[in-house]
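2 protein chains.
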Amino acid sequence: MSLKVVSSKAAASIDQELMGPVGFTLQQLMELAGLSAAEAVLKQYPAKTPKNQVLVISGPGNNGGDGLVCARHLKLFGYEPVVYYPKRSGREEFYGQLVKQLEFFEVPVLGKDDGNWVQYLKHDNTVCVIDAMFGFSFHPPMRAPFDEILSELKQSEKKVPIVAVDVPSGWDVDQGPTDSSAIQPDTLVSLTVPKPCAQFLNPEANHYVGGRFIPKHFAQKYGFESFGYKSGDQILKL
Amino acid sequence: MSLKVVSSKAAASIDQELMGPVGFTLQQLMELAGLSAAEAVLKQYPAKTPKNQVLVISGPGNNGGDGLVCARHLKLFGYEPVVYYPKRSGREEFYGQLVKQLEFFEVPVLGKDDGNWVQYLKHDNTVCVIDAMFGFSFHPPMRAPFDEILSELKQSEKKVPIVAVDVPSGWDVDQGPTDSSAIQPDTLVSLTVPKPCAQFLNPEANHYVGGRFIPKHFAQKYGFESFGYKSGDQILKL
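So the protein lines, in turn, are chains A and B. Just so we're aligned, residue 1 is where the first sequence starts under UniProt numbering, counting upward by one. Just so we're aligned, residue 1 is where the second sequence starts under UniProt numbering, counting upward by one.
In short, the hints are calculated from the structure, not lab data. Just so you know, not all the hints are guaranteed correct.
For identical chains, the list gives no copy identity; a pair is met inside one copy or between any two copies.
Subject to a maximum C-alpha distance of 25 Å in a straight line, what follows is the list of computed DSS-like cross-link-like pairs (lysine-lysine) [to be verified]: (1) K43 x K230; (2) K43 x K237; (3) K75 x K221; (4) K75 x K237; (5) K100 x K4; (6) K122 x K154; (7) K100 x K216.
Between the sequences and the hints, there should be enough to build the whole structure, so can you do that?
Encoded structure:
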């Protein structure tokens, strides 16, 4: 069965249409996207005390915001998330609010000078690391500090599974991994619809689609059939 | 086992705190509240083709907004919702966006001059009616057209079960139903924590708590223990 995908260009149009004429707000879509990612973690890596820590690495844009929301839901689901958020955009007040919400939930949010984030990759009770650095609008080159973060994730990926939100960071959205230094996620959570790079996942990797917020006719307009989510699930394993 | 409740006054403080110092936005909380209500409907009244119609009646404030969000998720869950929204506040641009989102999902939204809303109460394929008219900040008297709407719901409540969002409309939030003309919901979806009126539900009625967005220490501060939601559920049957 071939995978339904849309190009990075179509993904950008979908986003613009959802937040333009359709009337969705970023806050709504991000809440549902982050919830999806948390549900995928819950399904794929159930928390078993004391092994219930999740490291969430958030980038400066919307993919990073999805990670911040995901971390909050993970806490509600019984995990102990820690967020590494080295480069805050500052442009969008809402991201500051997402951080405040995490503080309310007593979720640590480490900044760029908290060099000790790597320790969370090495803890025995870390169940997975969430790559919420860059999404479908990423263009190379990968700048600091994310190049170094990816190199750390690569080194530990056999021990600590990587859950990529929408697109594995560093991959070309349409072409997939660019060389052998690219991370190989154990799980990908595609939002709304997979991007072409999802076809280059390891065959043993887990692939979910989340972000359940479009009707059938909208999917068809973009050339794919909508996904058969079950009951109230916000994710579907492909 | 006694029910955990907080007074209408405490509920107002909780809301102010969540949307003030905690940093939540109305859009986030409403998305999760509406999703909870939709999940409760899914659990309590599964859609069976062709019996999959739900009438959602939205009031002018936040309770009405929860109903608008709920209708959208119900459509995604396979129902055919119809919204009756007779009095739009107009003050809050976001409510207009929620209506646009429903139009995107091809969910009919009837205005006050669409007198034919009652037909949906009478259809054989209507599984339930959602009372999203007024929440914990309601004060009497009940004004037109909501007085008449409640009288219609009362007449049909044995045939078409009522799902009340947070507080059954017309009830005193702290004292419960004020007289025998009060509606008797078949299901109540309390948001965050039940209000005292929930103690006056019919013993056979279904009671869910939803709005899973507070940590344990916050609940304790308001004098209740947080609820034991299962896995990724957004609702818990009490």
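Each hint tested on the structure:
1. K43 x K230: both (14 Å within a copy, 13 Å between copies)
2. K43 x K237: both (10 Å within a copy, 21 Å between copies)
3. K75 x K221: between (37 Å within a copy, 19 Å between copies)
4. K75 x K237: both (22 Å within a copy, 21 Å between copies)
5. K100 x K4: neither (37 Å within a copy, 27 Å between copies)
6. K122 x K154: within (13 Å within a copy, 61 Å between copies)
7. K100 x K216: between (36 Å within a copy, 17 Å between copies)
When each numbered hint is compared with the structure, a violation occurs for hint 5 only.
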